[in-house]
Every structure is written in C-alpha cells, then in structure tokens.
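Colleague: Residue numbers (the working numbering), protein chains in the order written: chain A, 801 to 913; chain B, 316 to 430.
The set of hints was computed from the structure by calculation and includes no laboratory data.
Everything numeric in this text was worked out from a predicted model, so none of it was measured.
Treat the hints loosely; a few may be bogus.
[Said to hold, decoys possible] Derived DSS-like pairs: lysine-lysine, alpha-carbon spacing no greater than 30 Å straight-line:
no., chain 1, residue 1, chain 2, residue 2
1, A, Lys803, A, Lys854
2, A, Lys869, B, Lys356
3, B, Lys356, A, Lys910
4, B, Lys329, A, Lys803
5, B, Lys329, B, Lys381
6, B, Lys381, A, Lys803
7, A, Lys803, B, Lys379
8, B, Lys381, B, Lys335
9, B, Lys329, B, Lys356
10, A, Lys803, B, Lys356
11, A, Lys869, A, Lys854
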Amino acid sequence: LAKTTQPISMDSYEGQEVNITCSHNNIATNDYITWYQQFPSQGPRFIIQGYKTKVTNEVASLFIPADRKSSTLSLPRVSLSDTAVYYCLVGEVLTGGGNKLTFGTGTQLKVEL
Amino acid sequence: GAVVSQHPSWVICKSGTSVKIECRSLDFQATTMFWYRQFPKQSLMLMATSNEGSKATYEQGVEKDKFLINHASLTLSTLTVTSAHPEDSSFYICSARSANTGELFFGEGSRLTVL
C-alpha cells in the first residue's frame with residue numbers, strides 16, 4: 801500500500817484559499833487518490849477523488865501532476881466550518897472489490913476569523 | 316446519498332463485559348465492510364476487513380478473539396469487543412463498500428468508554 805505524507809497542521813483565515821499537499825511516492829498504477837474530511841467524533845466524509853490531472857467538484861479541487869507522486873487538495877474561500885482534519889488516501893479502486901484504505905496522519909486545518 | 320449507520324453512537328460499559336457495535340448500510344448492499352479504531356488526536360487505524368459470508372481478515376496486531384467481527388448479511392456487520400478493558404476505550408468507525416458501484420461510505424462512528 802502506498803504511504804502518504806502530509807503536513808501535520810495548517811492555519812488559515814476565512815475567505816482564503818487553502819492548499820494541502822500530499823506526497824505518495826510509491827503510488828501504484830491502479831491507485832486512485834482520495835481525500836476525506838473528519839470533524840471531531842464523526843466519521844470521515846468524502847471530499848474528492850482523482851486519478852490524474854485535475855478534478856473539481858462543488859467543494860474542492862484536486863490537482864495531480866503527471867508523475868502522480870503527489871497531489872494537492874485545494875479548498876477555495878475557507879470558512880470556520882472547514883476546520884477539520886483532512887486525510888489523503890491512496891488505494892486501488894476495484895468495483896465491488898475489497899481493497900482497503902489506510903489512513904495517514906492527516907492534516908489538521910484550523911481556520912480563524 | 317448512501318448512508319452507513321452505526322449503533323450505538325456511544326456506549327459506556329464496565330470492565331470485563333462485552334459490547335457489540337453494529338454497522339448497517341441503509342440503502343445499498345455492501346459485500347465488504349471495514350472496521351477502524353481511532354484514539355484521541357490520532358488517525359484511523361484499520362482493524363479488519365469483513366466480507367459477507369466469510370471470516371474477517373484482521374490487520375497485524377489486532378486480536379481476532381478480542382474483536383469479533385461478523386458480516387452475516389449484505390447490509391450488516393457487527394464488531395464485538397469481548398471482555399472489554401479501559402484500554403479498549405476508543406472511537407470505532409466502520410465503512411462499507413457498495414457492491415454496485417464500489418464506492419466507499421463511512422459510518423458516523425461509535426464511542427466506547429470502558430470503566
């Protein structure tokens with residue numbers, strides 16, 4: 801399983817764009833990159849998933865360079881409610897399969913006024 | 316969207332008792348479910364992978380006789396913490412993979428406190 805490395809913590813202010821980078825040097829060909837958000841005492845919540853280049857949804861963008869050895873989660877105009885731990889996961893996606901996802905340390909994002 | 320429900324959301328028990336935590340996929344079938352444990356200010360640690368109708372696969376260092384996992388149907392997996400001790404106090408989270416789409420959904424977690 802590909803190991804991921806993220807900054808332990810990041811601080812930001814409301815309205816700013818936040819970019820969290822994750823390193824995954826040993827990513828395999830079949831691996832996808834998935835980001836989750838977790839609030840205290842809650843289960844992780846899916847944010848975005850991608851394989852290469854750029855993916856965008858209503859809450860975030862995910863940038864993946866050509867070598868796929870890293871990825872960057874971009875949160876536009878963060879608010880206080882975005883204060884949470886963000887996890888970058890790398891794993892093989894098999895429809896109906898049983899691949900497991902291993903969580904790294906995550907990045908604690910703190911958003912202030 | 317798809318929902319994974321865990322019950323109970325929190326439980327307090329005495330040392331030596333057994334506690335069962337349920338994980339249900341409410342509107343989809345899940346051939347595979349995963350159980351995680353999370354201590355305060357730490358990441359989620361995968362405990363085991365459970366496949367419907369077969370024995371669970373435990374991660375290294377996780378005692379299978381201590382943490383009994385049953386995945387008897389396509390919508391239900393249970394984790395039983397047997398003879399619980401204070402060090403078993405933790406936040407237990409399950410996730411379920413849709414048999415249809417392969418998407419993975421997480422439950423809201425169950426907080427166990429052993430006195």
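Colleague: Are the hints correct? Go through all of them and say.
Modeller: Hint check:
Taking the CA atoms of Lys803/A and Lys854/A, the gap is about 21 Å. The hint holds against a cut of 30 Å. Only pairs whose Cα atoms come within 30 Å are accepted, and Lys869/A paired with Lys356/B is accepted, the gap being roughly 27 Å. Distance restraint check for Lys356/B and Lys910/A: the Cα-Cα separation of roughly 14 Å lies within the 30 Å cut-off, and the hinted pair is therefore satisfied. Of the pairs offered as hints, the one joining Lys329/B and Lys803/A is violated, with about 38 Å between alpha carbons and a cut-off of 30 Å exceeded.
Proximity of Lys329/B to Lys381/B is assessed by CA-CA distance (about 16 Å); at most 30 Å being required, the pair is judged to hold. About 28 Å separates the Cα atoms of Lys381/B and Lys803/A, which keeps this hinted pair within 30 Å; it holds. Straight-line distance between C-alpha atoms of Lys803/A and Lys379/B comes to about 25 Å, which keeps the hinted pair within the 30 Å bound. For the proposed pair Lys381/B and Lys335/B, the alpha carbon gap of about 12 Å is at most 30 Å, so the pair holds.
For the suggested pair Lys329/B and Lys356/B, the alpha carbons sit about 24 Å apart, so the restraint of at most 30 Å is met. Simply put, Lys803/A and Lys356/B have alpha-carbon atoms about 20 Å apart, close enough for the 30 Å limit, and the pair holds. For the hint linking Lys869/A to Lys854/A, the alpha-carbon distance of about 14 Å falls within 30 Å, and the restraint holds.
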